[in-house]
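S.K.: Listed below, chain by chain, are the residues.
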Amino acid sequence: MGEEVKLFAVWGSPFSRRVEMALKLKGVEYEYIEVDLQNKSDLLLKYNPVHKKIPVLVHNGKPIAESVVILEYIDETWKGFPLLPKDPYQRAMARFWAKFIEEKCMPALFKCAGTEDREKAVEEACELLKLLENELEDKKFFGGENIGFVDIVADFIGGYWLRDIQEIVGVKILTRENLPKLCEWSDEFVNHVVIKENLPPRDKLIAYFRTRFGPKP
Amino acid sequence: MADEVVLLDLYVSMYGMRVRLALAEKGVKYEYKEEDLRTKSQLLLQMNPVHKKIPVLIHNGKPICESLIIVQYIDEVWKDKAPLLPSDPYQRAQARFWADFIDKKLYDAGKKICTTKGEEQEAGKKEFIEILKVLEGELGDKPYFMGERFGFLDIALITFYSWFHAYETLGNFSIEAECPKLISWAKRCMQKESVSKSLADPKKVYEFLVVMYGL
Chain A
1 MGEEVKLFAV WGSPFSRRVE MALKLKGVEY EYIEVDLQNK SDLLLKYNPV
51 HKKIPVLVHN GKPIAESVVI LEYIDETWKG FPLLPKDPYQ RAMARFWAKF
101 IEEKCMPALF KCAGTEDREK AVEEACELLK LLENELEDKK FFGGENIGFV
151 DIVADFIGGY WLRDIQEIVG VKILTRENLP KLCEWSDEFV NHVVIKENLP
201 PRDKLIAYFR TRFGPKP
Chain B
1 MADEVVLLDL YVSMYGMRVR LALAEKGVKY EYKEEDLRTK SQLLLQMNPV
51 HKKIPVLIHN GKPICESLII VQYIDEVWKD KAPLLPSDPY QRAQARFWAD
101 FIDKKLYDAG KKICTTKGEE QEAGKKEFIE ILKVLEGELG DKPYFMGERF
151 GFLDIALITF YSWFHAYETL GNFSIEAECP KLISWAKRCM QKESVSKSLA
201 DPKKVYEFLV VMYGL
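The listed protein sequences derive, respectively, from chains A and B.
So the first sequence is numbered by the working numbering: it starts at 1 and just counts up by one.
So the second sequence is numbered by the working numbering: it starts at 1 and just counts up by one.
Hints listed in this document are in silico derivations from the structure and should not be mistaken for laboratory results.
Straight-line C-alpha distance at most 27 Å; calculated DSSO-like pairs for lysine-lysine:
#1 B:K112 x A:K53
#2 A:K46 x B:K142
#3 B:K29 x A:K86
#4 A:K53 x B:K104
#5 B:K53 x A:K111
Predicted model only: the values in this text are computed from it and were never measured.
Chain A on its own, in the form it takes in the complex:
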């Protein structure tokens, strides 16, 4: 039976890129559907009526929403290149850090791009990333020798999103002085053979961030 895999995504979204990274790492072919967030299609609203957001993966007509839920689904459905470890304790740790990134790091980092109480936001973000860096220890990736679940969920931090936002906004969060190991990890991340082909076009991303976060004329 033919596999039909569709992904509703947005070119610049770290959330939908996570799903693309997982599919590419596993060699799964899929149809990419770009969503206009200002003008959501009936199809998207049908596939994700609860949150009305991207990404949504549709596998043989059945939709799955929420990027971290989608990642686990992909890992359980396509066995090549496992993203989560086999050992239950290691799996629990991976899920814990993925949740930490999603629920603590991401909101804190977005706050740094805002204009309210920026200094405090940056301090908080740095503290959270320090905890993440401690978890990395001396590993090349959070997944060990190779990319895994946590690395993918941390794409916003490892990819160009954070680096470019912090430069445009004028804050120092992920720097070699503050977070040397995490910086090293992010270099490995963007240079990974599959990941580097799956990041949003950098100039387009920078232009978008300038419009959204840059100083107003």
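Starting from the known structure of chain A, arrange chain B on it as the hints suggest.
M.R.: Just chain B now, with coordinates in the frame of chain A:
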């Protein structure tokens, strides 16, 4: 080698109850340690340094945190009895999606009911009922959320049932009047021994909230 299982918890916590329920379903023996959240134990701070929260399961000395992550861990370790997640990946994804939905929405809406008055409280009640109605829709006519068998998603939601009495009293409304099918499901779950012995007494939950919020 015998398994050593310790649970750091709070009697009234709906999150802690999820873990107790999963352990009961699997028939796992464990040592229960009640935490006082105003003076957290050294053990809690050591076992959950990142969040400093309960529940924490300590299995042979190794800590696992976050209730739904703990429940999945329990399901994977004690896999020979009472599977909590379905075996089909799509069904598993649905269970995780809805459990995530509950975690993102329900507690905060409930908190508004407990801690506000007037228009704000009315908004909280409306939000709370809307969330329950969406879940009720997902349940449909099935006996349990994933079908014939009690499992992960039932565990994620049923523990909030022990807080319904408190929400209803503080908000002066009836959840059963708005969501009869959901209450029917809850009563069905309560007939299971693992559920009735793992959920806190609703009166004690109410008393706890009165003290905590100074009501």
